[in-house]
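So the protein lines, in turn, are chains A and B.
According to full-length UniProt numbering, the first sequence is numbered sequentially starting from 1.
According to full-length UniProt numbering, the second sequence is numbered sequentially starting from 1.
If you're looking for bench data, these hints aren't it; they were derived computationally from the structure.
You can't tell identical chains apart in this list, so a pair holds if it fits in one copy or across any two.
With a straight-line cut-off of 30 Å between C-alpha atoms, the simulated DSS-like cross-links for lysine-lysine are:
1. Lys14 - Lys73
2. Lys51 - Lys73
3. Lys73 - Lys25
4. Lys73 - Lys32
5. Lys201 - Lys301
6. Lys51 - Lys221
7. Lys299 - Lys25
8. Lys287 - Lys303
9. Lys73 - Lys22
10. Lys221 - Lys14
Treat the numbers as computed from the prediction; the structure is a model and nothing was measured.
The lines below spell out each chain.
Protein chains: 2
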Amino acid sequence: MPTLSVFTDVPLAKNLESSLLKNYKQDNCPQKMFLAYRGRCQPWVSSVVHKIRLQIAQDPSLNHEYMPVMGMKSFIRASLELLFGKYSRVISENRVGGVHTVGDNGAFQLGAQFLKTWHGASQIVYIISSQNGECYWAKLMAAMKVSPISCLTFLPLTTYHRLYQSILFSFSFFLQSKQIFPFFDIPNQGLFTGDLEEDTKFLQYFVSGGFEFFCSQSLSKNFGIYDEGVGILVVVAFNNRLLLCALSQLMNFALALWLTPPTMGARIITTILCNPALQEAWKQNLKEVVENIMLMKEKVKEKLRLLGTPGSWNHITDQNGTHGYLGLNSQQVDYLVTKKHIHIPKNGRINFTCINACNIDYVTESVNEAVLFTKDSEK
Amino acid sequence: MPTLSVFTDVPLAKNLESSLLKNYKQDNCPQKMFLAYRGRCQPWVSSVVHKIRLQIAQDPSLNHEYMPVMGMKSFIRASLELLFGKYSRVISENRVGGVHTVGDNGAFQLGAQFLKTWHGASQIVYIISSQNGECYWAKLMAAMKVSPISCLTFLPLTTYHRLYQSILFSFSFFLQSKQIFPFFDIPNQGLFTGDLEEDTKFLQYFVSGGFEFFCSQSLSKNFGIYDEGVGILVVVAFNNRLLLCALSQLMNFALALWLTPPTMGARIITTILCNPALQEAWKQNLKEVVENIMLMKEKVKEKLRLLGTPGSWNHITDQNGTHGYLGLNSQQVDYLVTKKHIHIPKNGRINFTCINACNIDYVTESVNEAVLFTKDSEK
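This is chain A alone, in the form it adopts within the complex (with noise of 0.2 Å):
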């Protein structure tokens, strides 16, 4: 019997569950609330979702048969006609095209494995938090100022930095003079502004400016199939002898990593994308659920205006997305955690879909209180 353990060196690692989402479930207080992401309300899911869901489950005609490595053809064809438009150039001079990943952290892991073989140069990565907030672009800026040469950068593009021209102008400025290969993210095209559009300008700047980059394309928070994991790794090169080398290399690695990318998630998105009537009645329903945050955004600074409370609160509604800074500083939101017991980050950063009619008086009550208290005890 062999005695010595293969795993007498391996330590315990950080417990990867957030000390947020711990101290929120030792918490033993019955009003206890979770604000921090949507991990503790009920997620939204596109109406249309559970109906293709039902009617994918009664086909008798599809045999659950592997997938092709690189996933499902229809559904990379499907979404990069979502995320750069149907008859964008970029299609049709086919110089994109996609790898079907398991979510958008499978495409992160995809791009960096190929890069790390096929871009040398680029053994520096920088991965930007998306929680440096409000300053985030200058920090950016900052960081590859400094950077390597040739080192890559994850951009989270998500859902609170209104995008300026000129802003826009000085990055891709700062890309190209340092060449610096783009790693973008759109994790939830449409849930910024409601318009699918609107949420990917961004990436339509780096398109007709000539760029090659790569993106992570996630589609499990737009549709609601959280636990599907639903994504591409999205290629664009200057031309398709380029894209094609590219995508053939990525198979090998995605054939190592997953063989063949589960197909539920994308089966139900291929249905609704490639149906105009269900494509429409999906993207009212994203519509819908943006109008509603932005909605809940307004009541609850309402609200902090009736109580009093001291400050402006215009931030609140200036920011678009699921997400918003509720601009209070780490003495109140301690007040919060403390002494009611809604636990969100220390920044301060919560999701406003998890503010209902229930709750909001409570939350905003408790931000006036806390407000109150903090400048109390500063005086």
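With chain A held as given, fit chain B onto it using these hints.
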């Protein structure tokens, strides 16, 4: 506009689609047949799988929320019980655990990443192909005799090796004396002999021998959910403390690979495994599939006997599982492919589930012709 492509030096990768399938696709003969692997024939799906897929799609209580990084706990539990037995000591001693992965390739990738980081001595990884056929064990032992200490071995415990105690004994002795950490593979429990317990006896031997090991467990094939890639990286450690450390580190790797694994397949399988009546129906399905394969093998043998095909054909029925060697030489295989448009691999190993009442006569007559023709030509 950037001008130098990042992909300039990226060559076109060798096409992963096997030349076998390519040749089949390019064959214009209407009678063409593909018997290599189950890509061209209707896959087997347990009848309970359809029922449960529909039930899940109709369930309004499922919110399709993210899973934990480790995957579905109930799925892991049920799968480990299937592998080791519900009341096995290794389970009651809490020293076996698993991480829900994207199919068996996902399990290999995850395990390999862990071992590369935490089992530094093992720089050399032997991946022993199951294509080696009958001389598999001899080759395996020979490779292990010359291999550096602590190397890893991937063992595809597939479908055609009758395991004798003496082989197992000398094999485990080798592993131990050379301190080799084994990485087993259970790709299709139940589809080898039709008996779930019988198919994992190999594993039980190492469990009771007190070994630590990794094992990739795929549940896509034995449930017929090929398009979902449902797997588990099984970890057996000396004790619970070591197990928890290993699992905690594996979680970090899984996070970077795919965040959380897709759940549709896992949900279906868990529902079936946790319901005794459904599990029994599935087991019965498995048994029938294996019995049908054995019956088909008998028929093929009998037809060859009636045709008076020279040689003994007992090896066809001596092999368990879905696949089996026809026992043809390369000239005979070549004859089948080029003259009869029956596309099979060079080693003559075919998937017997591709043979049916409609094509058995053509296949056996062609084999007979191939044997007679090459016999003549050799004269």
